[in-house]
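Throw the hints in and build the complete structure from the sequences for me.
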Amino acid sequence: MTTSIMVNNFMTEVHQTIAASPFSKNQIESKINDLFNEFCRKAEKFSNKESLISEATIYKSEILNDLDQILPFFQSQSLPPGTQKV
Amino acid sequence: MKKSESSSAASQPFVPQIHEGIQFEFGEKSINQEYRQEVMNHIRQDLTDIKQGFSINGGIDSIRIEKAGNETHYGGKSPLFLTINFHGNKELKLVYKPRSLAPELILEQALQSIDGRVPRPMLDKKDHGYDWRIQGDHIQNKNSGKIATGDSFISEVAKLCCEKKANKNLILALKCMGFEDIHGENFLLDADRMLHFVDAEVFQTNMSVNVDDICSYQGTPNTPNDPSFPLDQDAEDFIREITQQAQKDLRQIPTRLVICSSQTYAIPTPFFMKDSLVIGKCHLKGLKRVDFKEYHTAFFAKFLFENGYIDVKESDNLETIKEKINEIFATPQPLGKINAELDAVAAIKQQNPGELPAFRFHLSEKWIECPLTGERLQLK
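Chains as they are written, first to last, in the working numbering: chain U, 1 to 86; chain S, 1001 to 1380.
Derived by calculation from the structure, the hints in this document are not laboratory data.
Take these hints with a grain of salt, some might be off.
No farther apart than 30 Å at their CA atoms in a straight line, the calculated lysine-lysine pairs in the DSSO-like style are these [what the hints assert, rightly or not]: (1) S:K1175 / U:K49; (2) S:K1175 / U:K60; (3) S:K1146 / U:K25; (4) S:K1090 / U:K45.
Right under this line is the structure:
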């Protein structure tokens, strides 16, 4: 189970979007979906695109499902943005 | 490695400190006193070998020391940039690493056997070492000017691999030898557009980031500025063959084991953790709701499974997997010892936010070392 450079980067972008975002839940959902669509567009350039998209899809779904829990946490605490490595 | 030569904070105030006749100048106060003392002692003891190893003579005017990254391991230790000023305005620029340079040495020797390049000078002192400081910079994102990540990093590497066979050889060597922790901060690009891999401490764990995405990159058709990675099965077969001994040599030294992500460790909430983890046919779910250490246990189990130490069935859950982990270790209570190391890291992290766990794993001798607690877990 090595981690993909592309998926790792997608996760980091999602972290940074949420951690730095002053936006509402709907706006954050929209931004995460935009990031995911951008990821899928980029994944077209890879011969392993199916596995990249599959892994990113699972991660996106998990984050969106938990957004109600995540957002109050961020409203109450200041956190560093996601780091570069997994 | 976080910072390149060109981006180092040269304007920071340097604090002189005379240590046994040598003037050390520390550029940043965040290097803790204990680590400073250790580094100064090492340098003083190693000076003769440093001069010999890097072919430089003469007396020393001063040694300037700067941090080379924010991430620390083993209690506040990070790589350091050393600038040793000799009499007569001679200067030696090195990177001090608080660990053995054996992996880098093996990689450099392998690269020499592949295409005859001159290996980067290094001095390995087993628990620390001195690496030649590459005069270059990280690959940058052309739009943001920041260190390239994701597809921006990959497309630039693919382009560099098309430009120079040596760069392609490097990526294929990293693939064949199983090097991991592949990201922009661990590569430097020199003035001749040669890529260098400067942090080789993670390898063959099947847990961290590898070069697969680079080798899978297809670029944009009919766009010379966005070429695909130059796949070359003959070259890959040759490199796999010629690095066989090097691959075995890597199994005779410890690697850093990344059980869990620095992201999830850096942010102490369950919200960025993966909720599910597939270990063979077993789908562990609800991981965000378990204790933080249990979450690491799941990833530890994944590591043990991926490397063939435990068998996991579809019907297993975290509790049954924990029992299996206990059975494969000769050392009692292995998970308790892993968790104690995580606690020790967490304690340091309160004062030093950059601290991350750095378990060491020996692939042949099959032990896992917990550096802070000093525990060693022996697999049966």
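Hints, one by one, checked against the model:
Proximity of K1175 of chain S to K49 of chain U is assessed by CA-CA distance (about 19 Å); at most 30 Å being required, the pair is judged to hold. At roughly 28 Å between alpha-carbon atoms, K1175 of chain S and K60 of chain U fall within 30 Å of each other, so this suggested pair holds. Proximity of K1146 of chain S to K25 of chain U is assessed by CA-CA distance (about 29 Å); at most 30 Å being required, the pair is judged to hold. A C-alpha spacing of about 48 Å is found between K1090 of chain S and K45 of chain U, which places the hinted pair above 30 Å, so the restraint is violated.
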